[in-house]
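Undergrad: Turn these sequences into a full structure, and let the hints guide you.
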Amino acid sequence: MKAPISVQCVLSPPVAQAGPASSALHGLITLDVGQLGAPLGVELKVARVCPTDRGMPVLADAFRALAESLGARDSVIFAGRHSTGIAHAGPEPAHALRSPWPDLAGALHGLASLMGGLDEGRLVWVILVVETAVAEAGPSTMQAVQALVDAGAGVDIVCTHPSADLGLLSRLAQRTGGELIQASSAEMVEKIVKRIALLRDQRIRRGRVEVRTPRSVSIQRVFRVDPTPAFVMMPTATPFAPVHLPVGLIGARPPSWLVSATVHGRRPGRFRIFDVILRYDSGKDAAETEGVGWQRHAAEAPQMLPVEAAVNAALSRVETAAWIDEIGRAYQAGDARRVAGLLDRLVRHAVTLDDRSLVTRAFEQRLGFLRTGQLDAADLNSLRRHIGG
Amino acid sequence: MAEPSATTPKSETSCALCGGPCQKGVCTHCGFSPPPPEPADGIPWPGPGAHIEGRRPVLLERQLTAVEGARRFLGQDEDGIRYEVFVVVASDPHGALNARRLAHEALPLASFPPDRTVNTGPLRYTLTRLPDGAERVVEVIARLMETDVVDSLETIRRFGVPVARLFAELHDRALFLSEVDPEELVLVGDRCRFLQPPAVHPATAAPLAPGARRVPVGFGAPELHGFCGGRVDARTDVFYVGMVLYYLLARIAPLDEAADAMDRVPSPSVYRDDLPPGIVAVVRRATSPVPGRRYPDCRALRTALDIAIASEDARRQAARRQLNLKIGHELHIGILKGQYAPQNQDDLFVAYDARNGVGLFLVSDGVSISDHGSGDIASECVRIEAHRLWQELPREDMGDGTPRPVLPATTEARRRLIQTMLDNANARIAEIIHRQMPRFPGPPEGIMAATAVVVLLDGNRATLASIGDSRIYLIRDGHITSLMAYHDLATQLIRMRRATPRVARAAPAAAALIRCVGEFEKDANDRLVPVPLQPEYRELTFLPGDALVLCSDGIPDYAGFDDEHAEGRIGQVVEAAPGAPWAAFELMVLANRGGGGDNISCIVMRFEDAEGSA
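Protein chains in written order, with our numbering: chain A, 1 to 389; chain B, 1 to 614.
Careful: at least some of the hints might be erroneous.
If you anchor each label on the Cβ, the simulated ranges turn out as follows [claimed, not checked]:
#1 A:Arg215 / B:Arg143: 44 to 50 Å
#2 B:Pro35 / A:Phe240: 21 to 27 Å
#3 B:Pro34 / A:Gly373: 58 to 64 Å
No lab work stands behind these hints: they were computed from the structure.
Every residue gets a Cβ at the ideal spot worked out from N, C-alpha and C, and that includes glycine.
TA: As structure tokens, then:
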């Protein structure tokens, strides 16, 4: 009988030439979702980081209606500099908090403080609406995100501000298994409705993929490929520690990740590069499944190269997202030469993907930067939005 | 982890390779895992060097890529007749022989029918005789690499056209291949066949999605590796055929980086001088890393190749005659460049006598980064010397009472004229520096310099010269090709075989010019001594319908998304413009629309049939 959910890992290149030199390799980790159990139900929390109370009553009504549609206990929290915090939904009392968190870090800490006493059988999820130009996250923000991860909560960040650093918000969301959803104010509710429909259909919780490597393999970067490409992490502090990746929500496109690593020189043989363990619970039982990524080192270069093209195709997708983030960082650092070079590279990359819309947008930004030396964060975000679908 | 010493006995839980600790049979340090032993099938498979006994014994010389349940070899008998030998177990449990028969039936045009079968012990040998003179494509390329003098046009006609024709026939039948081992392509006379019929896909279905594949190194398109969207279709075969043509022209070993998505393989002209420009243009389009820029299928490729070969034949056979030449030129500072550098450092010179078809054309681009002098003065020096050359050309009365300039009859003499002109410009730069500094204290590399592209025209024939990285493009039949190699570090490293294209492009200062007008040494008195310059030369015969563009790098650098796109747009603009002056103006506008980040100069020359000529 087919397992309800399994994990696969394929490597590119699957065969490399043996030798003393280190080489780069990429692993594509995918989940194969079969027949899972019944939906779990959702413990939903909604928070808002905004400069004013404008639109608050409308949003409150909308969220309340959405929460009621879940037919479950709910908490709706609004956080903003001037928020009054009005919310009530579901059969049980909601948390109504008065303006304690004027910024992103405050909102995340506040949410983390509410994670105790949750229904263990349900999926715990947060929708965080950000309406300010968030541009940086300090250690305090990361601590709060980690607390949410430890509590098993995923965070979707809905950003409506055109100039917010979407690369940063995306990384925060990805760390919890959530998604960054960029939306205009008009699109926001529609996108949240879709997201909640997905939440209602979830059948596993606390899903987490653990990637282990032998000591001669160093993981360099981790990207999320599906459902939307995003840079997740660059594990450098503890090089041999396992990498943990929250699974997040399972929809039409099952989650997948791309792990880039450096492999030290090898002699000919067959090597176990990645041990990938998926742990999750289905509401009743905890379960575990495992996949392995193998690479073979051959003494001589093969005439016909074995290729896992799907891994390289995934790499092409996520590299675009990574370059856009890198352009933003280079601009912040005032490195105009690097910004121009990366924009040029982005254009050429988009050309190879035959993505005419992305080519045009990136080329216009390159032109604009060459002419003015200025780069608008909103324009970078429009590129991110394009590749995120 | 330290390497285990030779005297340390390895325990059962130690890795056999690195000596690290093992858990469940897998090394925790390197990940080595001994593969499970393959079940021995007990079949006495032959190896290279074995003989097939019989009336005419055949020596198995070389093993080929195997298919499941079979072994394959190239063999030869005592009379020198070559065979492809396919070995299966007589009972053939894998059905390999049957699969092979079906494949041959599916591609009767493209593969050889089996010749005879020999049973020896448990094995069955199927021998396919290769016709006399049959040569595998990889053997041809290897042979050409060791040959000094090659007629490139004839090479393409003899070896390249059959390959293009074979793939075109398959595309005509709505099939494409995608993964073809170049070892399997065999040339017989004017035909090309497969040793082992490859897997075919219907061209009418959706492109193949990314997946596990076996890709020929140096011939596989980027999309086979999953790049460029990863969708595989007939354009993948176009790339394959383009790379076969590429190696036939460039005469180099297959390049690992052929599948790079972001960078084109260097032009074959980088490796070999005087390649037929029309064929180079076809190869460049076929080997584009971007599938959408290639020919849609091999039919289109073959048509373009046939047209290019016909043009090159005509070019070789054309006698000296005068063509009607239309000229346009533009010089612009560049919209963006002008905002921070008020001097235009490009210069150009155009002189043409329509009566006898003699002309001199020059584009010079001053190098903007210099410690002494500036690029505009350097390019002006080149232009002044071009003007002087034109004025000092010998004159003859052509019957109309006006002395007309006349060029020397020999190629060497014309090249000497250009060489003298460039050397004089070099000396002029030194004079300017000496006027300011009789003793030059710094390194001579910091002195102003300029590039130069020169055309010395005599009717329909021209001597082209280039030093630096300015461009001369030939445009014809919807194709564009750059005629001269650039003197940047990366190109020269590739040209001298000092580095692969990937390594050369990553070299520090890869774009730095290593040759230009403005090269000096210093003598004992700290005076600058001009160094004899080393421009590249080329002879070209023009045909009616040709267009030539001389330009500084301000146009290709800003006319498109990348070099390839820019070249495509330059070709389109020049072919679409109603006249040469219009084309030159449009090129200037194109570069400015793309940013105008550098000075822009161009000369457009369009050759048409002279009125009343045959």
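Undergrad: So, for every hint listed, does it hold in this structure?
TA: So, going through the hints one by one against the coordinates:
1. A:Arg215 / B:Arg143: 44 to 50 Å: Holds: the Cβ-Cβ distance is about 48 Å, inside 44 to 50 Å.
2. B:Pro35 / A:Phe240: 21 to 27 Å: 25 Å, holds
3. B:Pro34 / A:Gly373: 58 to 64 Å: Since B:Pro34 and A:Gly373 have Cβ atoms about 59 Å apart, the given range 58 to 64 Å holds.
No hint from the list above goes unmet by this structure.
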